[in-house]
Amino acid sequence: MSGVWVISETPQTAWELLGKARELAGGDAVTAFVVGDDAVGQETIAYGADQVRLMDLPVSTPWEEYAGVMGREAETARPAAVLVGASRRGKDLAARLAALLDAAYVSECKSIRSEDGKYITERIVYGGLAVKKMESTGCLVASIAPRTYEPKKDGERTGIVAKLDPAGAKVKVKERRPKPAESVNISEASIVIGVGRGFSSQAEVKLAENLAAVLGGEIGCTRPIAEDLHWLPEDRYIGLSGQVVKPILYICAGVSGQVQHVYGIRDAKTIVAVEKNESAPILQVADYYIIGDLKEVLPALTEAISAVK
0 MSGVWVISET PQTAWELLGK ARELAGGDAV TAFVVGDDAV GQETIAYGAD QVRLMDLPVS
60 TPWEEYAGVM GREAETARPA AVLVGASRRG KDLAARLAAL LDAAYVSECK SIRSEDGKYI
120 TERIVYGGLA VKKMESTGCL VASIAPRTYE PKKDGERTGI VAKLDPAGAK VKVKERRPKP
180 AESVNISEAS IVIGVGRGFS SQAEVKLAEN LAAVLGGEIG CTRPIAEDLH WLPEDRYIGL
240 SGQVVKPILY ICAGVSGQVQ HVYGIRDAKT IVAVEKNESA PILQVADYYI IGDLKEVLPA
300 LTEAISAVK
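Residues 0 to 308 in numbering that gives the first Met the number 0 are what the sequence shown lists, from first letter to last.
Hints should not be assumed to be uniformly reliable.
The calculated SDA-like cross-link candidates involving lysine to any residue, where the alpha carbons are at most 25 angstroms apart (straight line), are [claimed, not checked]: (1) Lys268 / Gly215; (2) Lys117 / Leu99; (3) Lys152 / Lys275; (4) Lys245 / Gly18; (5) Lys245 / Leu214; (6) Lys205 / Trp230; (7) Lys169 / Asp55; (8) Lys275 / Lys169.
With beta-carbon atoms standing in for the labels, derived distance ranges [said to hold, decoys possible]: (9) Ser199 / Ile304: 19 to 25 angstroms; (10) Gln201 / Thr136: 52 to 58 angstroms; (11) Ser106 / Gln11: 19 to 25 angstroms; (12) Ser1 / Glu226: 43 to 49 angstroms; (13) Met0 / Leu228: 49 to 55 angstroms; (14) Val130 / Ile304: 34 to 40 angstroms; (15) Ser1 / Lys151: 46 to 52 angstroms.
These are calculated hints, taken from the structure and not from any lab test. What you are looking at is a predicted structure, and each value in this text was computed from that prediction instead of being measured. Backbone N, C-alpha and C fix where the C-beta goes; we use that ideal spot for every residue, glycine too.
Make the full structure from the sequences, and use the hints.
In structure tokens form, the structure reads like this:
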């Protein structure tokens, strides 16, 4: 086995994974399977791929059906590792591909390295309470969340770009009904303001929205706010079964800090909590915190930030 594959429906995620792929590949070839046109293919070469296989999002075929043709190519290419962007589609495709290759599969992989002919991987388990460390031999398939690695570009690199045809797909799409989407994906936001159960009414959420507006950030929330109270859309919910965010700054108010929510914010660069309960678990997670009533603290923060902008 030789070489490393990178697979992503999102070019940015592919570019992030390519640096790790080159590290794992050593001097062997790195092949990227990515959705996009020829321009995307050339950019992908610059970020570390030796070969790029462009994939369409077929009108009548689920994207995951590329697993079949990839599996057939892998029988010849025999990649040592396959890194897949951990979107919903990506995780589905990764599991299918691992089954076809009879390979070890690590979902939501947080760390991966090669050592003495083995892959050492780590992933978060028990809602963020522990890290599971694993060793595997042979081909490894790992799904990796966006923004786990930093992209590294070299504009002088050259490589081959070609299209990949999902021939032989067994599943056909009869109809697509797009889900109404938020204007911004909070998982990509650099600043996120978190809303917790400490807000006593939906009207008070405006205090967080005002702060987000002056900071140029986005609103996120805990599970009860979205699923029980329906004060915010479910795609704003941050946590173990919701969104995982990695902003430069995460400011939360009225958030107690249950482990399910902390799982979704653990990779934020800086965490600031506003909480009136001095024993709240979130204070153990936060880099900075303010003890006080959110109805007083949030307007004060908004006013102070507005004054210096």
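Structure-based check of all given hints:
no.	hint	result
1	Lys268 / Gly215	holds, 17 angstroms
2	Lys117 / Leu99	holds, 21 angstroms
3	Lys152 / Lys275	violated, 46 angstroms
4	Lys245 / Gly18	holds, 19 angstroms
5	Lys245 / Leu214	holds, 16 angstroms
6	Lys205 / Trp230	holds, 11 angstroms
7	Lys169 / Asp55	holds, 17 angstroms
8	Lys275 / Lys169	violated, 56 angstroms
9	Ser199 / Ile304: 19 to 25 angstroms	holds, 24 angstroms
10	Gln201 / Thr136: 52 to 58 angstroms	holds, 54 angstroms
11	Ser106 / Gln11: 19 to 25 angstroms	holds, 20 angstroms
12	Ser1 / Glu226: 43 to 49 angstroms	holds, 47 angstroms
13	Met0 / Leu228: 49 to 55 angstroms	holds, 51 angstroms
14	Val130 / Ile304: 34 to 40 angstroms	holds, 36 angstroms
15	Ser1 / Lys151: 46 to 52 angstroms	violated, 22 angstroms
In summary, the structure is inconsistent with hints 3, 8, 15 from the numbered list given earlier, while agreeing with the others.
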